[in-house]
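Novice: Since the structure of chain A is already known, use the hints to place chain B on it.
Each chain is listed here by its residues.
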Amino acid sequence: MGRTIVVTAGKGGVGKTTVTANLGALLTKLGNKVVVVDMDIGLRNLDVVMGLENRVVYNIMDVSDGKCKINQALVRDKTLPGLFLLPASQIHTKKDINIDKIVEIISIIENSFDYILLDSPAGIEKGFESASAPAKEALIVVTPDVSSVRDADRVIGILENRGILAISLIVNRYDINLVNRKKMLNADSVVDILGLDLIGMIPEDKSVIESTNKGELLVNYANGSPANKAFENISRRIEGEDVPFLNFNSQRRGIFSLFRRR
Amino acid sequence: MNLFRITKGTSAIAEERLKLILVQDRSLLPPAKFEQMKEDIVDIMSNYFDFNTADIVINIQRESKKTLLEAIIPLLSVKRKTR
Chain A
2 MGRTIVVTAG KGGVGKTTVT ANLGALLTKL GNKVVVVDMD IGLRNLDVVM
52 GLENRVVYNI MDVSDGKCKI NQALVRDKTL PGLFLLPASQ IHTKKDINID
102 KIVEIISIIE NSFDYILLDS PAGIEKGFES ASAPAKEALI VVTPDVSSVR
152 DADRVIGILE NRGILAISLI VNRYDINLVN RKKMLNADSV VDILGLDLIG
202 MIPEDKSVIE STNKGELLVN YANGSPANKA FENISRRIEG EDVPFLNFNS
252 QRRGIFSLFR RR
Chain B
13 MNLFRITKGT SAIAEERLKL ILVQDRSLLP PAKFEQMKED IVDIMSNYFD
63 FNTADIVINI QRESKKTLLE AIIPLLSVKR KTR
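Protein sequence lines, in the order shown, are assigned to chains A and B. Heads up, the first sequence is in this note's numbering, so the first residue is 2 and it goes up one at a time. Heads up, the second sequence is in this note's numbering, so the first residue is 13 and it goes up one at a time.
Excised from the complex, chain A in its bound form:
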């Protein structure tokens, strides 16, 4: 029985899709069978980030509409056996989504995969709703800025109200130089403010944009890069391994989390 995890944020442009693709890759590297699902119906992107755009034949809406079987829609990754993409549709809009059907499709996939990562669209409307409905766990991607943190807080509130309580925080595009010069929110503050457990920080790293430019997974493009190392640590923590936080002592809950909603 696989673990279904939604990767979400509220705000757009914080790195949900790159996080989904690269975590999927590293969880696969650890020996898991993984499917990454693009839930951004109408604005699909996970395929281009992974460089699989030419292999897409069917998509999740085709499965939902009964036009093909799940297996026909799954795209096998170019390099990693065990990693699959379930693409979004380009021609539909979020209005066309049948949430019950999506939940049913994911529950079938859970029987034959170890991890199902759902790449959520930005926003808190139907697209987000359908991405989080099948999930039992959530990863919140946040960049260290006021708008991202505020939106994340909103999303966390909605997920908690829906009964998703296993929520962890990924601080993305973390610039330790700016943090040290007190020009960027540090991860401790973000953790304190949002009152969640931190599962990892991904440093600002040009190899991330370079790998997506080429449509390659970071693990193939720049295995030794700081960002890839961070993704590896996060995937090992997802697996339950106790991986120490390098350079930071950040896994704590601060005083502010006492004032969390409800």
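Do not rely on the hints blindly, as some may be mistaken.
Unchecked claim - Covered stretches of chain A, as calculated for chain B (at least 3 residues, CB under 8 Å):
#, region
1, 186 to 198
2, 201 to 209
What the hints assert, rightly or not - Cross-link-like lysine-lysine pairs, in silico, DSBU-like; alpha carbons within 30 Å at most:
#, chain 1, residue 1, chain 2, residue 2
3, B, K31, A, K184
4, B, K45, A, K96
5, A, K137, B, K45
6, B, K45, A, K127
7, B, K50, A, K183
8, B, K31, B, K20
For the record, the hints were derived by calculation from the structure and aren't laboratory data. For glycine and all other residues, C-beta sits at the position ideal for the given N, C-alpha and C.
Specialist: Coordinates of chain B only, in the frame set by chain A:
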């Protein structure tokens, strides 16, 4: 630019602003929750006072540095024996 002023990092400003913003954001109860809270307040207050439920006004207001809950309950009489 004032060279003599010790400048506080902007990250601290971001943190302070966020804490304030989120207290306000989180206090916005959804309508169902708000009605529930109103009923709870009526329940508790009715142990001590007589009043018309219809007269009650409850507001959540934002001020610059804090968020206030204001409840106006015109009382008809005080109950002799409180539970």
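Novice: All hints, please: hold or fail.
Specialist: Hint-by-hint comparison with the structure:
| no. | hint | in the structure |
| --- | --- | --- |
| 1 | 186 to 198 | holds (count 4) |
| 2 | 201 to 209 | violated (count 0) |
| 3 | B/K31 to A/K184 | holds (17 Å) |
| 4 | B/K45 to A/K96 | holds (28 Å) |
| 5 | A/K137 to B/K45 | holds (24 Å) |
| 6 | B/K45 to A/K127 | holds (22 Å) |
| 7 | B/K50 to A/K183 | violated (44 Å) |
| 8 | B/K31 to B/K20 | holds (17 Å) |
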